[in-house]
Amino acid sequence: MTVLDPVAEPVPAARMTPAQARVLFAATTGNFMSATPVLYTVFGMVLIPISQEFGWPRAQVSGVLGLAALCAAAMAFATGPLIDRYGPRRLILMGSLSFAVALGLFSLAPARVLPFYGLFLLADIAAAFASPMTYSKAVSGWFDRGRGAALGFAGGVGNGLGATVIPIIGGLLLSRFDWRVTYQGMALMVGAVGFPILLRYLRDPPPGGVRDAGPARAEKVTAPAKDLSLRQAVRTRAFWIMALAIGLCAACMTAMFTNVVPVLTERGFALADGVTVVTVFALVCAVAQWLMGLVLDRIATPLILVPFYLLGLGGLLLLQYGPSMPWLVAAGVMMGLGLGAEYSALPFLVSRYFGFRSYGAIAGVLYGGINVGMGLIPFAMNAIFDAYRSYDPALHLIQGLMLAATTAFLFLPAHDKPLAD
Numbered sequence: 012m013t014v015l016d017p018v019a020e021p022v023p024a025a026r027m028t029p030a031q032a033r034v035l036f037a038a039t040t041g042n043f044m045s046a047t048p049v050l051y052t053v054f055g056m057v058l059i060p061i062s063q064e065f066g067w068p069r070a071q072v073s074g075v076l077g078l079a080a081l082c083a084a085a086m087a088f089a090t091g092p093l094i095d096r097y098g099p100r101r102l103i104l105m106g107s108l109s110f111a112v113a114l115g116l117f118s119l120a121p122a123r124v125l126p127f128y129g130l131f132l133l134a135d136i137a138a139a140f141a142s143p144m145t146y147s148k149a150v151s152g153w154f155d156r157g158r159g160a161a162l163g164f165a166g167g168v169g170n171g172l173g174a175t176v177i178p179i180i181g182g183l184l185l186s187r188f189d190w191r192v193t194y195q196g197m198a199l200m201v202g203a204v205g206f207p208i209l210l211r212y213l214r215d216p217p218p219g220g221v222r223d224a225g226p227a228r229a230e231k232v233t234a235p236a237k238d239l240s241l242r243q244a245v246r247t248r249a250f251w252i253m254a255l256a257i258g259l260c261a262a263c264m265t266a267m268f269t270n271v272v273p274v275l276t277e278r279g280f281a282l283a284d285g286v287t288v289v290t291v292f293a294l295v296c297a298v299a300q301w302l303m304g305l306v307l308d309r310i311a312t313p314l315i316l317v318p319f320y321l322l323g324l325g326g327l328l329l330l331q332y333g334p335s336m337p338w339l340v341a342a343g344v345m346m347g348l349g350l351g352a353e354y355s356a357l358p359f360l361v362s363r364y365f366g367f368r369s370y371g372a373i374a375g376v377l378y379g380g381i382n383v384g385m386g387l388i389p390f391a392m393n394a395i396f397d398a399y400r401s402y403d404p405a406l407h408l409i410q411g412l413m414l415a416a417t418t419a420f421l422f423l424p425a426h427d428k429p430l431a432d
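Heads up, the sequence shown is in my numbering, so the first residue is 12 and it goes up one at a time.
Please keep in mind that the hints were generated in silico from the structure rather than gathered at the bench.
Quick caveat: nothing in here was measured; it's all calculated off a predicted structure.
Keep in mind that a hint or two might mislead.
[Unchecked claim] Between beta-carbon pairs, the in silico distance windows are:
#1 Thr276 - Arg187: 45 to 53 angstroms
#2 Leu387 - Leu58: 15 to 23 angstroms
#3 Ala89 - Val192: 28 to 36 angstroms
#4 Pro92 - Leu183: 35 to 43 angstroms
Note that the Cβ used here is the ideal one computed from N, Cα and C, for glycine as well.
Given only the sequences and the hints, what does the whole structure look like? Please build it.
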């Protein structure tokens with residue numbers, strides 16, 4: 012049973028209520044200070060200083076990222092049922108505070124592999140309790156009519172701003188101090204700014220979420236039409252189509268995000284060109300999540316996602332064959348639209364297809380699969396490059412997987428239709 016904090020009953024209507032606005036602000040702030048911008052993005056900035064201080068090869072420093080991807084997958088499976096049992100607020104508050112402490116501890120890591128890896132993974136584990144998946148449960152339960160837009164705003168704007176602003180803050184700290192002080196600054200930001208905002212404004216949704224009952228009034232819904240357990244969900248065709256169509260595409264596109272620079276460098280483009288494409292990719296992805304949420308609120312059929320997926324696939328082809336920077340920037344725009352649609356669709360469709368009874372457990376399985384793919388696909392890409400001295404075979408494989416996954420969407424029914432086993 013979900014444990015509720017004392018809070019006034021939400022009254023969703025055509026306009027956002029103050030209670031909804033507070034939760035949306037808290038979730039956006041939480042995503043802004045989540046693991047991806049604070050832990051991973053900053054780690055890419057400090058990798059060389061750590062390598063120089065410890066006297067380690069860069070591969071030895073970055074080796075922890077593969078373990079972290081598998082750790083994140085395991086934590087997604089584990090935290091899902093906990094979200095359903097205790098509610099997102101408790102897990103988020105515990106995770107946010109623990110994440111701040113773990114970041115501080117990581118800044119003290121000695122030049123020994125096991126403690127260094129262990130402290131990084133500790134921060135990764137703590138952050139899993141305050142992950143985008145957990146925030147999506149909180150937001151989904153507070154919104155009905157505007158759920159897609161709210162999820163897209165919290166995820167897209169939160170992570171997008173985080174990926175843009177936090178590297179600037181980290182760069183300022185790193186230019187004046189060292190990597191240890193940089194992570195201490197991140198710990199202070201999460202603990203002294205993010206945690207108080209979450210404590211003050213984040214509240215658990217009512218059981219079953221809220222549902223609009225008309226343009227002028229609304230009622231709390233405790234028994235939505237679809238409220239499936241994980242066991243019931245995995246017996247439906249919709250679950251497996253969703254896992255293939257969204258999970259595989261999201262894993263492929265996220266893995267590509269981390270490999271844009273190596274792919275373009277191997278094609279003979281400058282490092283600055285690759286960084287430009289990555290920046291465009293990230294910013295468009297952030298905006299696309301919110302725009303895709305608006306679309307999903309208005310169009311019941313998931314087929315609306317297919318054009319965005321095809322845009323992402325077209326972006327991969329341009330990345331591989333585009334002859335000049337204008338084409339590559341267009342590739343970044345197209346891939347950003349595709350990935351933004353995928354990120355926005357997953358939490359929205361899980362709540363619409365399967366309800367809130369086991370939202371955390373169901374989303375945890377899907378997010379866990381994505382994290383496994385995010386860890387394995389970059390490794391496979393680089394293994395193929397080592398074997399063939401080219402990324403082309405790996406890109407062709409990813410393009411084939413994405414085309415198959417996009418085709419699967421054609422067999423996914425609208426979320427307001429009965430689910431078939």
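Hints, verified against the model:
1. Remark: the range hint 45 to 53 angstroms for Thr276 to Arg187 is contradicted by a beta-carbon distance near 30 angstroms.
2. At about 21 angstroms, the beta-carbon gap between Leu387 and Leu58 stays in the expected band of 15 to 23 angstroms.
3. For Ala89 and Val192, the Cβ-Cβ distance of about 33 angstroms falls inside the hinted range of 28 to 36 angstroms, so the restraint holds.
4. At roughly 40 angstroms, the beta carbons of Pro92 and Leu183 sit within the given window of 35 to 43 angstroms.
The structure shown violates just one earlier hint, number 1.
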